[in-house]
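Chemist: Here is how the chains run, residue by residue.
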Amino acid sequence: MTSSKTIVLRSSDGATFEVDEAVALHSLMIKHRIETGGADSTTIDVPEVTGNTLSKVIEYCKKHVEAPNSDDLKSFDTDFVKVDQAVLCHLAKASYYMNIKGLLDLSSKTIADMFKGKTVEQIRETFHIKNDFTPEEEEELRKENSWNLFV
Amino acid sequence: MGSGLSSFLLMCSSTTSVPAAPPESSLGDLPESVVGSVLVYLNPQEICRLASLNRAFRCASTAEFVWESKLPNNYDLIVSRVFDDKGFCSNVCKKEIYARLSAPNPIDGGTKKVWLDKVTGKACVLISSSGLAITGIDDRRYWNWISTEESRFRSVAYLQQIWWFEVDGEVEFPFPCGTYTLYFRLQLGRSGRRFGRRVCNSDHVHGWDIKPVKFQLSTSDGQKAITQCHLTNLGKWNLYQAGDFVVEDSKVPMKVKFSMTQIDCTHTKGGLCVDSVLIRPK
Numbered sequence: 001m002t003s004s005k006t007i008v009l010r011s012s013d014g015a016t017f018e019v020d021e022a023v024a025l026h027s028l029m030i031k032h033r034i035e036t037g038g039a040d041s042t043t044i045d046v047p048e049v050t051g052n053t054l055s056k057v058i059e060y061c062k063k064h065v066e067a068p069n070s071d072d073l074k075s076f077d078t079d080f081v082k083v084d085q086a087v088l089c090h091l092a093k094a095s096y097y098m099n100i101k102g103l104l105d106l107s108s109k110t111i112a113d114m115f116k117g118k119t120v121e122q123i124r125e126t127f128h129i130k131n132d133f134t135p136e137e138e139e140e141l142r143k144e145n146s147w148n149l150f151v
Numbered sequence: 001m002g003s004g005l006s007s008f009l010l011m012c013s014s015t016t017s018v019p020a021a022p023p024e025s026s027l028g029d030l031p032e033s034v035v036g037s038v039l040v041y042l043n044p045q046e047i048c049r050l051a052s053l054n055r056a057f058r059c060a061s062t063a064e065f066v067w068e069s070k071l072p073n074n075y076d077l078i079v080s081r082v083f084d085d086k087g088f089c090s091n092v093c094k095k096e097i098y099a100r101l102s103a104p105n106p107i108d109g110g111t112k113k114v115w116l117d118k119v120t121g122k123a124c125v126l127i128s129s130s131g132l133a134i135t136g137i138d139d140r141r142y143w144n145w146i147s148t149e150e151s152r153f154r155s156v157a158y159l160q161q162i163w164w165f166e167v168d169g170e171v172e173f174p175f176p177c178g179t180y181t182l183y184f185r186l187q188l189g190r191s192g193r194r195f196g197r198r199v200c201n202s203d204h205v206h207g208w209d210i211k212p213v214k215f216q217l218s219t220s221d222g223q224k225a226i227t228q229c230h231l232t233n234l235g236k237w238n239l240y241q242a243g244d245f246v247v248e249d250s251k252v253p254m255k256v257k258f259s260m261t262q263i264d265c266t267h268t269k270g271g272l273c274v275d276s277v278l279i280r281p282k
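Sequences listed follow chains Z and W, in order. Oh and the first sequence: position 103 is 103 in my numbering, straight run, nothing missing. Oh and the second sequence: position 227 is 227 in my numbering, straight run, nothing missing.
One or more of the hints may lead you astray.
Unchecked claim - The list that follows gives simulated cross-link-like pairs (lysine-lysine, DSBU-like), each with its CA atoms no further than 30 Å apart:
#1 K101/Z - K94/W
#2 K118/Z - K122/W
#3 K82/Z - K143/Z
#4 K118/Z - K214/W
#5 K251/W - K101/Z
#6 K122/W - K109/Z
#7 K94/W - K143/Z
#8 K116/Z - K257/W
#9 K122/W - K116/Z
#10 K116/Z - K118/W
#11 K116/Z - K214/W
#12 K101/Z - K118/W
#13 K214/W - K257/W
#14 K101/Z - K62/Z
#15 K5/Z - K101/Z
#16 K101/Z - K122/W
#17 K282/W - K143/Z
#18 K282/W - K118/Z
#19 K211/W - K251/W
#20 K109/Z - K257/W
#21 K118/W - K109/Z
#22 K82/Z - K31/Z
#23 K109/Z - K214/W
#24 K130/Z - K94/W
Hints are computed from structural coordinates only; laboratory data are not their basis. As the structure is a computational prediction, the values presented were derived from the model and not from experiment.
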């Protein structure tokens with residue numbers, strides 16, 4: 001039995017995950033680190049991502065690397081993002097930092113679908129998004145919107 | 001562990017505890033670059049609306065990559081076809097390019113208007129009757145120009161009567177890839193306003209029920225379409241479909257020739273307003 005090379009990923013909170021190199025390379029950020037880090041780099045720090053999120057990211061990479069042509073990949077993806085808002089956001093951020101395009105697209109589209117058809121006020125309420133504009137910025141925004149060319 | 005299956009080892013650190021991020025603030029905490037990735041999946045109107053959500057959304061709503069995703073692949077060709085200023089693209093952000101291209105822009109001396117369809121992002125071209133070759137247009141016994149608010153070009157060609165009816169035209173444009181339909185915008189009868197109401201004068205309308213009209217189009221890459229139909233619906237503007245054409249290479253401008261004819265000289269025909277020819281994505 002050939003032993004595949006494994007990489008250890010360490011999250012921001014110190015949790016470590018041993019994964020096949022092929023799975024780890026699904027993250028272009030990790031791929032870059034391995035390629036530029038030298039032959040000895042078997043532990044890679046991912047300080048932007050917590051253990052809980054990293055675990056889910058690895059689950060995604062594993063499925064997409066080991067069974068990229070499977071019939072249930074689409075339903076896997078659909079179920080994968082059936083998570084609460086916080087987890088979804090952490091996944092989106094992690095996929096951005098770790099440069100995993102498929103996961104970034106998947107989580108971004110899911111978030112976008114949550115916004116469709118809602119007014120700004122509804123979105124603020126539902127998703128508890130704070131209005132962090134200064135009064136001057138609000139005024140500028142009002143002016144910008146009056147010039148909105150998309151009738 | 002030697003069997004090749006990956007295994008997950010979770011070693012919990014005993015000293016640090018992970019503070020849970022308050023779920024309420026998660027979406028509001030998204031960095032601008034991630035917000036941009038989300039905005040790509042929304043339409044331009046939604047993107048502009050969400051700019052007022054918070055600062056990250058506002059910044060992301062002007063990001064180049066977001067608007068580049070809304071522009072057609074060959075937008076640089078379209079920009080140089082539409083705007084004379086060759087340095088336009090380098091001076092202006094993608095959002096501005098999108099905004100400018102989404103509004104009707106005159107080309108070819110104002111005889112045509114071009115804009116990007118907001119839903120598909122593909123091009124629409126409207127050719128004024130002043131940009132068409134109309135047989136006998138200079139003979140006032142046959143044709144006259146009428147000013148009207150009902151045309152985007154403010155004036156239409158009105159036919160009183162003629163034996164040989166022929167309207168030809170052509171346009172060359174870098175259409176984005178896709179399928180397009182070409183229409184003639186026509187009305188039987190001459191409309192006007194009297195006492196604030198729209199009225200239609202159908203005195204000259206005749207001859208269209210005898211034989212059908214032939215609409216044709218052909219493209220520079222050999223596509224052809226022909227449709228024959230009778231003109232109907234007195235007093236209303238109709239779009240008569242000439243046919244479809246497909247653009248497969250957006251790098252090469254497509255030349256489209258089109259015509260509308262009724263040249264059976266055993267009868268005259270008249271009372272027709274010719275406004276424009278419209279090309280829009282299917």
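Chemist: Hint by hint, note whether the structure agrees.
Modeler: Evaluated hints:
Proposed proximity of K101/Z and K94/W is supported: the alpha carbons are some 22 Å apart, at most 30 Å. Of the supplied pair hints, the one linking K118/Z and K122/W holds, its CA atoms being roughly 26 Å apart against a limit of 30 Å. A distance of roughly 39 Å separates the Cα atoms of K82/Z and K143/Z; the hinted pair therefore is violated under the 30 Å criterion. At roughly 48 Å between alpha-carbon atoms, K118/Z and K214/W are farther apart than 30 Å, so this suggested pair is violated.
Note on K251/W and K101/Z: the hinted pairing holds, with a Cα-Cα distance of about 28 Å set against a maximum of 30 Å. At roughly 22 Å between alpha-carbon atoms, K122/W and K109/Z fall within 30 Å of each other, so this suggested pair holds. With a C-alpha separation of about 20 Å, the suggested pairing of K94/W with K143/Z holds against the 30 Å cut-off. Between K116/Z and K257/W, the direct Cα distance comes to roughly 41 Å. Violation of the 30 Å bound is thereby established for this hinted pair.
Under the criterion of a C-alpha separation no larger than 30 Å, the hint pairing K122/W with K116/Z is consistent with the structure, at around 22 Å. In summary, the hint linking K116/Z to K118/W is supported, as the alpha carbons are separated by about 17 Å, within the 30 Å threshold. Restraint check for K116/Z and K214/W: the C-alpha separation of about 45 Å exceeds 30 Å, so the hint is violated. Distance restraint check for K101/Z and K118/W: the Cα-Cα separation of roughly 27 Å lies within the 30 Å cut-off, and the hinted pair is therefore satisfied.
About 14 Å separates the Cα atoms of K214/W and K257/W, which keeps this hinted pair within 30 Å; it holds. The suggested pairing of K101/Z with K62/Z holds, with an alpha-carbon distance near 14 Å, which does not exceed 30 Å. This hinted pair checks out: K5/Z and K101/Z have alpha carbons roughly 24 Å apart, not beyond 30 Å. For the hint pairing K101/Z with K122/W, the CA-to-CA distance comes to about 26 Å; that is within 30 Å, so the pair holds.
The hinted pair formed by K282/W and K143/Z fails the criterion: a straight-line CA distance of about 36 Å is larger than 30 Å. Restraint check for K282/W and K118/Z: the C-alpha separation of about 29 Å stays at or below 30 Å, so the hint holds. At most 30 Å may separate the alpha-carbon atoms for a hinted pair to count; K211/W and K251/W exceed this at roughly 41 Å. The straight-line distance between the Cα atoms of K109/Z and K257/W is roughly 41 Å, outside the 30 Å bound, and the hint therefore fails.
Distance hint between K118/W and K109/Z is fulfilled; the C-alpha atoms sit about 20 Å from each other, no more than 30 Å. As the CA atoms of K82/Z and K31/Z are separated by approximately 28 Å, the hinted pair is consistent with the 30 Å bound. A hinted pair counts as satisfied when its Cα atoms are at most 30 Å apart, and K109/Z with K214/W does not qualify at roughly 47 Å. A distance of roughly 28 Å separates the Cα atoms of K130/Z and K94/W; the hinted pair therefore holds under the 30 Å criterion.
Going through the hint list in order, the structure does not satisfy hints 3, 4, 8, 11, 17, 19, 20, 23.
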